[in-house]
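We have chain A already, so just place chain B on it with the hints.
Protein chains: 2
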Amino acid sequence: MSQRAERLQEEEKRDLLDPLMAEGWSVMDTRDAIHKKFKFKDFKKAFKFMQGVAVHADRLDHHPEWTNVYNKVDITLTTHDCDGLSKRDIELARHIEEEAKNVSQQ
Amino acid sequence: MSQRAERLQEEEKRDLLDPLMAEGWSVMDTRDAIHKKFKFKDFKKAFKFMQGVAVHADRLDHHPEWTNVYNKVDITLTTHDCDGLSKRDIELARHIEEEAKNVSQQ
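Protein chains in written order, with this note's numbering: chain A, 3 to 108; chain B, 3 to 108.
Bear in mind the hints are in silico, worked out from the structure with no lab data behind them. Among the clues, some could well be false.
Copies of the same chain look alike in the list, so a pair counts if it works inside one copy or between any two.
[Unchecked claim] Each computed EDC-like pair below joins lysine to aspartate or glutamate, with the alpha-carbon atoms no more than 16 Å apart: (1) Lys103 / Glu67; (2) Lys103 / Asp85; (3) Lys89 / Asp76; (4) Lys50 / Asp76; (5) Lys39 / Glu25; (6) Lys74 / Asp60; (7) Lys39 / Glu100; (8) Lys43 / Asp76; (9) Lys46 / Glu12; (10) Lys43 / Asp60; (11) Lys47 / Glu93; (12) Lys46 / Asp63; (13) Lys89 / Asp17; (14) Lys38 / Asp17; (15) Lys43 / Asp83; (16) Lys41 / Glu12; (17) Lys50 / Glu13; (18) Lys15 / Glu93.
One chain only, chain A, in its complex shape (with noise of 0.2 Å):
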């Protein structure tokens, strides 16, 4: 993305967040972040989400700060550009539950 990300409002924050909230990320305390923590069956199977997100990563240029331990993925996103969250961490998160879906369920 080629045009500079701009902060959440506050109210707009609020929408754009209660759905994921409902799926299980939370706002950091210390940090304008979201944060969730993923478990799925074994190895192979948080990396083949890691690979689906890292996709949209990619292609949306926006890249998560995350953590790999066998079957656990923990998974952060902000915008360093705006230093705070952003639509493309919402964009982002989106696709990561779909991803984290599939992965689930092959």
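Chain B alone, transformed into the frame defined by chain A:
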């Protein structure tokens, strides 16, 4: 791997770790584990590296603890089975070095 991993003895640890230390790996202060930070040109390269490592991890049935933020990948290796470093960590670290070199040279 079906065989239970054995924790490396001090002398054998020195011999096996020396070549890895020369490549920039370090032994952690807080855990019997080794650690290295890798940096690539961009996310695409970093993730390509991770994909290469994942193939080895799967084959060896031994997995890294790793964090990726854009072009950076921080890796910690230890063996939960024996609560410390084993030959599996050394073997995986060697493959990780090869993958990093391959991806950086491409």
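Find the hints from earlier in the document that the structure breaks and name them by number, from lowest to highest.
Those not satisfied are hints 1, 2, 3, 9, 11, 14, 15, 16, 17.
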